[in-house]
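As a plain string of letters, each chain reads:
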Amino acid sequence: MRLSEALRSAADRAPLEGIEVDAARARRRVATQRGLRMGANGTLAGGMVVVLGFGVAGAMDGMAGSMDSTSGEGREEAAVAEDGALGGTGDAGDMSAEADAAGGGAASSLAWGLCGEELPELGTGDDPLATIDASVTTPEVSDGVLGFDAGLASSVDATFETFGMSGVVLWDGVVVATIPAVAREPGESYGSQLMSDAIGMEMREEPLENCWDGSALPAGDYTLVLTQELYGIEPLDAEPAPEPAPADGGASEEPGPVDDAATDPGIAADASIRLVSEPMPFTVTGDAEDDPFAAYLGGSDDPAPVQVDPPATEPSSAVDDSALDPGTARELYLAGLAGAWDMAPGTQRWTVSSDWSGGLDATWFGCGNGTFPARSSEIDLLGVEVDAPSVIDVSYGWVIDGNPLVSTTLTNTSDWDLTQFWGQNELQLMLVRDGKVVAEGYAVDPHRDAYAVDMLEAERAEADGTVDVDPTATLAAHASDAAEFLWREVDGCWTDSGASEVEPGTYTLLASHYLSVGGGVLTMEDGWGTEDEAWLGDGDTDLGLGSSEPLLTPDDSGLAATGGRTSGSSAGSDAAIAVAPDAYDAVDFQVWTSLGTVTVR
Amino acid sequence: MSDWRDTMSQLMRDRERALLGYAYLVCGNGHLAQDLVQDALVRTFAHPRPGLTATKAEAYVRRAITTVYIDGYRREQRWRRVQHLFRPTTESVDPLAGVEASADVLEALATLTPRERACVVLRFFDDLTVPDIAHQLGLAPGSVKRYLHDALGRLELLLGPLEDHDEADAVDVSARRRKEGD
Chain A
1 MRLSEALRSA ADRAPLEGIE VDAARARRRV ATQRGLRMGA NGTLAGGMVV
51 VLGFGVAGAM DGMAGSMDST SGEGREEAAV AEDGALGGTG DAGDMSAEAD
101 AAGGGAASSL AWGLCGEELP ELGTGDDPLA TIDASVTTPE VSDGVLGFDA
151 GLASSVDATF ETFGMSGVVL WDGVVVATIP AVAREPGESY GSQLMSDAIG
201 MEMREEPLEN CWDGSALPAG DYTLVLTQEL YGIEPLDAEP APEPAPADGG
251 ASEEPGPVDD AATDPGIAAD ASIRLVSEPM PFTVTGDAED DPFAAYLGGS
301 DDPAPVQVDP PATEPSSAVD DSALDPGTAR ELYLAGLAGA WDMAPGTQRW
351 TVSSDWSGGL DATWFGCGNG TFPARSSEID LLGVEVDAPS VIDVSYGWVI
401 DGNPLVSTTL TNTSDWDLTQ FWGQNELQLM LVRDGKVVAE GYAVDPHRDA
451 YAVDMLEAER AEADGTVDVD PTATLAAHAS DAAEFLWREV DGCWTDSGAS
501 EVEPGTYTLL ASHYLSVGGG VLTMEDGWGT EDEAWLGDGD TDLGLGSSEP
551 LLTPDDSGLA ATGGRTSGSS AGSDAAIAVA PDAYDAVDFQ VWTSLGTVTV
601 R
Chain B
1 MSDWRDTMSQ LMRDRERALL GYAYLVCGNG HLAQDLVQDA LVRTFAHPRP
51 GLTATKAEAY VRRAITTVYI DGYRREQRWR RVQHLFRPTT ESVDPLAGVE
101 ASADVLEALA TLTPRERACV VLRFFDDLTV PDIAHQLGLA PGSVKRYLHD
151 ALGRLELLLG PLEDHDEADA VDVSARRRKE GD
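From first to last, the protein sequence lines are chains A and B. If you're matching positions, the first sequence starts at 1 in this note's numbering and goes up one per residue. If you're matching positions, the second sequence starts at 1 in this note's numbering and goes up one per residue.
Same shape as in the complex, but just chain A (with noise of 0.2 Å):
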């Protein structure tokens, strides 16, 4: 038998009949991912102009199969550079300071028009660049279409890319409806101008649909709210930038001021820029309802979730407040950029695996694939602490003269829980030459099965009649957790010819763990139908999900939000939950620790 040709004969007669996939509900939360997508880096009020130094996603990115670490290498750096790490330095970081001010610590990461859920509470920035001009055709839709009008006006005189401009649709505060961007290149990026003496209006009708499940808005009372994302801005008047003064003192005069206003906008270079317009009232004429979004928003006519009485100290959020959150890996992540790494012992690199937001360009080292990334950061976050040989010895593979213990010891540095580290379990090794992967070391916990799972925890708790209760894969702030492993084999990296012989002498010995914080969306099966899961883990907080709304079907009244985390049966209905896998966003993290060299014999 070939199992290529038996496996395309199983997929060809697989038992799929009446399944179908819901083309129409992936369409919707694409759509609605797209038109979120510009708001994931940056909130602000009606008006108000933010700098922000994040990269823009590139237009391949957001798979995680993709691997080019140089398209976003130098704006995320030059990000860094010019704006201070996000509240650095110049204009670029006074505004993002107040972008910070406005929006709290997470104002960069915040999900900006959540379907379900609130704007930022946010103040207003002064002296915009740009601000979005715009009206409603008529403040009373009959039709069920939105009719408005809107244009950049501007002081400057510019360049920049933009998606485009989006909106939001708000109920009593509530996002309820998105507007998607019309790019002129669909899916593409275009390039634009502002115009001091001139604003392009555009007139655009848009269907009024729920976020949810696209049904028509009903009845009521609305706001809608414009947005639009600038970048790559370059002014079309600016001027060459002074000489620096000479570093021999020749120059006895100290530069004098620089007319800001004169030669630059205040805009740093590779700075993103999110305009939002004022909001503009409308109503879509009927009978209204007393709360048309109640099945979606868990209105009031529901019945009120059954509660056991939790201690008085218990919090009442069951939300990790604590944990740390993509959003802010992120900008730990950029802030700590670095250049080249030597290995040395002790030193410790952190680079990026994958990015579901796609502003952080994934990189990857190991077997066959060149030297350690040009782009990592130095984040104190992560201690580790490796007890490992100084000596193997080595046969085919395999260590032998009895497997060496490795001890681990890794340290949460940080005031973040970690809560979705599970590097206890898990250890892997490196041995590098030449600043190259030559050889990869595995070592293996004997306490645990395949599936990382405490077999000796399992057999006592089977043993006393109990329920084996999993062990968090939370890594507490300041906390510490020690394990050991045998280091079992130690194979040479894989060429076109087959296995590479792992030769003796010394090597660089790394140690890599995994760190994914975020949070995402579990399907599965149980016996009965399929169960859709949202699960809040630590990427909550950058949703702007709340620590206090479960996301609930419409028919999950009962369940409470226990264990971060909140499931319904779905039974593949169209339900409201469809909010939860929309709000998805993960960012996971490689750790390098060199440990020093390891003699091979």
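Honestly, the hints are just simulated from the structure, not real lab data.
Across the chosen pairs, the derived CB separations fall in these ranges: (1) A/Val444 to B/Glu107: 25 to 33 Å; (2) B/Gly160 to A/Ala344: 51 to 59 Å; (3) A/Val145 to B/Glu107: 47 to 55 Å; (4) B/Asp164 to A/Asp415: 51 to 59 Å; (5) A/Gly200 to B/Gly51: 23 to 31 Å.
We treat Cβ as the ideally placed atom computed from N, Cα and C, and that holds for glycine.
Chain A is fixed; fit chain B onto it per the hints.
Only chain B this time, still in chain A's reference frame:
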């Protein structure tokens, strides 16, 4: 309707069954395959991808199916809660039972762990190399080799000798172990 919607519609119109079949291979469950495809569609189309045709989109979606599946596996906290749903039953891991019954390849796949299963599909269905699989799944190449080795060992017990076991760069761990045992 914008272009991405057209592309998605065409993809679903022409290749829905193929994508579902592929997802079924990866996960072994029809309803889960349904959700995997939908999640993969969202991953593929949520970001602007200039010049994305239905043909290219299919490749993206297939890649996303495996990564969505493995991502779910990686969320250990959740994985532990549902691992019994994926863990092979006592009967299915009994290699002798499989040999006697000449198990179907789908049944044999069901005995593999999620990572083993994904590696097998990517290696023998998609013809990816070990480094490519490692790249795709975010695993170390050595881990991929180990998963493939263990998976093929299990599959051969259930299905009999596999002609393509030793082809190309599949796995040489078994050879190494045989050599060691000489």
